[in-house]
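Chemist: Using the sequences and the hints, build the whole thing.
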Amino acid sequence: MTVESPANPRDLTDSPEQTAQLEHTWHSPGGFIGWFTHVNQRMIGKRFIITAFIFFLLAGILGVLMRLQLAGPEQQLFGPELYNQFFTMHGTVMMFFFAIPVMEGFAIYFVPLMIGTRDMAFPRLNAFGYYVYLIGGIVLIGSLLLNMAPNAGWFNYVPLASKEYTPGYGVDVWTTMITFIEVSALTAAVELIVTTLRMRAPGMSLNRMPLFVWAALVMSFMIVFAMPAVIVSSTLLILDRLVDTQFFIVESGGEPLLWQHLFWYFGHPEVYIILVPALGMISTIIITFTGRPIYGYTALVLSVVAIGFVSFGLWVHHMFTTGLPQLGMSFFTAASATIAIPSGVQIFCWIASLWGARIRFATPMLWVLGFFAIFVIGGLTGVMVASIPFDTQVHDTFFLVAHFHYVLIGGAVFPLIGATYYWWPKITGRMMSEAAGKWSFWLAFIGFNVTFFPMHQLGLEGMPRRIYTYVEEMGWSELNLLATVGALVLATGFGITLVNAIWSLFRGQRAEPNPWGAPTLEWAADSPPASYNFRHIPVVKSRWPLWDWERDRERGVVTGLRNDRREVVLTSILDARPIGVQVLPEPTIWPFVSAVAASLGFVGIIFHPIFFVIAFFLVFFSLVAWFWPRRPWRKD
Amino acid sequence: MADDVQDGGLQHPLRLWSGWVIGPAAWALHLLGSYLLVPKACEAETVWLLHAVTLVTLMLGLAGVVVAWRQWTRAGRRWPGSGDDGTSNIRFMAVMGLLISALSSLLIVAEGVPSFFLSPCL
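Same order as they appear, the protein sequences are chains A and B.
Take 1 as the starting number for the first sequence in the working numbering and just add one per residue.
Take 637 as the starting number for the second sequence in the working numbering and just add one per residue.
Please keep in mind that the hints were generated in silico from the structure rather than gathered at the bench.
Bear in mind that the values here come from a model prediction, so they are computed numbers and not experimental data.
C-beta atoms are modelled at their ideal positions from N, C-alpha and C, and glycine is treated no differently.
There may be inaccurate statements among the hints.
[Said to hold, decoys possible] Label-pair ranges, simulated between beta-carbon atoms:
1. PHE627/A x PHE752/B: 30 to 38 Å
2. HIS687/B x ALA625/A: 40 to 48 Å
3. HIS687/B x PHE607/A: 52 to 60 Å
4. PHE348/A x CYS678/B: 54 to 62 Å
5. HIS687/B x ASP552/A: 57 to 65 Å
Modeler: This is how it looks when you write it as structure tokens:
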């Protein structure tokens with residue numbers, strides 16, 4: 001393996017046969033069975049993204065249905081039991097099956113491209129994570145169709161969620177599905193951490209890493225530290241429900257608040273797990289559409305890292321009305337208020353980057369500017385509810401509903417849609433329509449504010465969350481009707497993007513490798529990238545390699561990697577010096593088989609403990625096949 | 637100065653993470669320690685226990701600041717860029733560690749203030 005600097009990578013002596021061989025080496029098998037064997041990171045990333053957006057659509061429909069039910073007083077579109085299932089499913093699917101997986105999906109697809117490598121560190125684990133997620137999602141949605149859906153809210157508080165107060169399979173399904181999604185998230189996090197720290201292109205030291213990659217790295221560490229808490233809590237709950245342990249039963253010395261502590265120790269970082277990658281997307285889009293380096297790279301990295309760790313010290317602010325000691329809660333108020341500092345630093349760095357720049361107001365940039373308006377309002381109400389006296393007043397009201405939708409839709413979904421427009425040409429090789437994109441943005445922006453801004457007022461007027469209807473005398477009718485109209489406009493806005501995406505696949509203008517003039521490495525690959533991502537692994541000398549190459553008319557590449565097996569370059573953590581070559585495994589069906597076997601155990605245990613034993617052995621055998629060593633006499 | 641820069645370049649890579657780890661660890665200890673000690677402070681009818689936790693963890697957090705500051709000084713105390721001079725990476729790590737530990741210390745102070753005003757028995 002050597003590092004060379006030809007004027008153009010094509011100048012290296014690549015015969016078409018060699019390129020064809022490389023293509024063949026990294027090729028993903030076709031056909032129905034072949035589909036289940038794919039391990040390439042772009043295949044898995046794309047599947048995560050598409051599946052997550054399908055869940056977004058389903059959960060969005062549930063949201064619109066709830067808004068229709070609340071449009072007027074004493075409506076009887078559906079009853080309280082179904083309403084309970086709908087809000088539980090809406091929250092659960094949005095948080096667990098859309099928000100985390102879609103961010104992971106973008107990270108899985110783009111981190112290897114942005115750091116200039118050909119795949120992720122453990123491709124088969126990647127595939128396993130996807131199948132576990134897919135099966136979990138299908139079972140959860142299936143439970144709604146079978147009227148077995150969970151109905152105790154997305155945070156599933158005990159004692160409401162205990163067997164005594166919520167009999168039936170709903171809560172069991174919830175706890176099991178959460179375990180599915182946690183396993184999937186943990187596999188993706190481990191993948192992303194190892195890939196980012198060990199497989200960056202030579203020269204891409206930590207201080208040159210793209211900001212989205214930093215964000216994905218922080219997100220991954222947060223997943224590793226946050227998710228085990230909810231795995232533990234959901235396991236304790238299902239043990240309480242299935243085998244009569246007493247972890248949360250007060251009469252036997254259990255503690256319901258233990259659930260809240262464990263859940264929110266995960267649940268609050270979860271919000272930031274969703275937000276942090278979106279922050280990386282915003283920085284990425286701002287750099288490209290201002291056409292100049294971002295202001296305050298170090299400060300932006302610092303902010304993302306700081307948000308990552310401070311977010312673990314906020315969880316008790318979800319429990320301000322549980323009767324905990326006031327002094328104890330005040331520590332969490334202090335941390336909740338302090339997280340505004342790194343968030344503010346980011347906002348000011350972005351403003352400084354936009355200041356005086358010749359901004360191209362293309363669709364991705366519009367979504368980012370929409371983020372600014374919405375997220376700042378969400379952040380302000382966040383500082384308000386960090387104060388215990390105010391929080392006590394608005395706890396469990398629509399004010400909270402307004403706050404977290406401003407933070408989550410403004411903070412995560414708007415940048416995400418912007419990033420989808422931005423990276424769509426790279427993923428599909430086609431451009432989405434700019435005109436439709438702008439219509440989509442303005443309808444979503446107006447619709448969003450018309451939906452959620454009135455909810456602040458409704459909350460202050462005392463309208464509680466999670467009621468399926470209300471009487472006219474309460475005086476909430478007009479604002480609720482307004483919110484419902486807004487929800488329809490918002491749904492239309494997002495719907496236009498969906499139509500735009502599908503339309504572009506067939507009719508969209510073909511995309512150049514770098515249609516936006518961006519500086520990061522993913523745009524050095526073809527659109528869509530070839531199976532091997534990069535014909536030659538690039539060598540990096542600054543934070544903006546593509547702008548360097550354009551200026552210098554020269555680019556460095558790594559040569560000497562074999563074409564006949566899946567080789568990638570390993571580099572050192574801090575300064576990305578080449579230190580070795582890793583051979584990655586080929587496509588295989590065993591991750592899929594393992595995921596099915598594990599799912600059999602997870603789902604089956606709801607009905608009978610024997611499924612756990614059966615699945616244990618099935619998973620064992622599938623893992624043996626998965627890890628079966630290569631024959632030593634084979635040349636690779 | 638040239639020797640200092642070289643010395644900075646020879647640091648063991650793991651040491652460059654000190655500021656990243658010491659500050660947040662001190663803050664985590666403060667948050668958990670204080671939270672757990674509130675009932676004890678109520679029983680003992682004194683808040684000195686909480687002040688002591690704040691003081692000790694603040695010292696630890698500031699130690700993170702000092703360690704990172706010294707690394708930064710050795711690497712030539714300039715704002716980190718993305719250059720090829722071999723020390724910009726070290727300066728980046730040191731400045732990040734410095735600011736992370738400083739923010740952690742600020743958090744410890746912010747969380748220590750309520751102990752002066754609120755009774756642990758409320």
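Chemist: If you check each hint against the structure, which ones fail?
Modeler: When the structure is compared with the hints, numbers 1, 2, 4 turn out to be violated.
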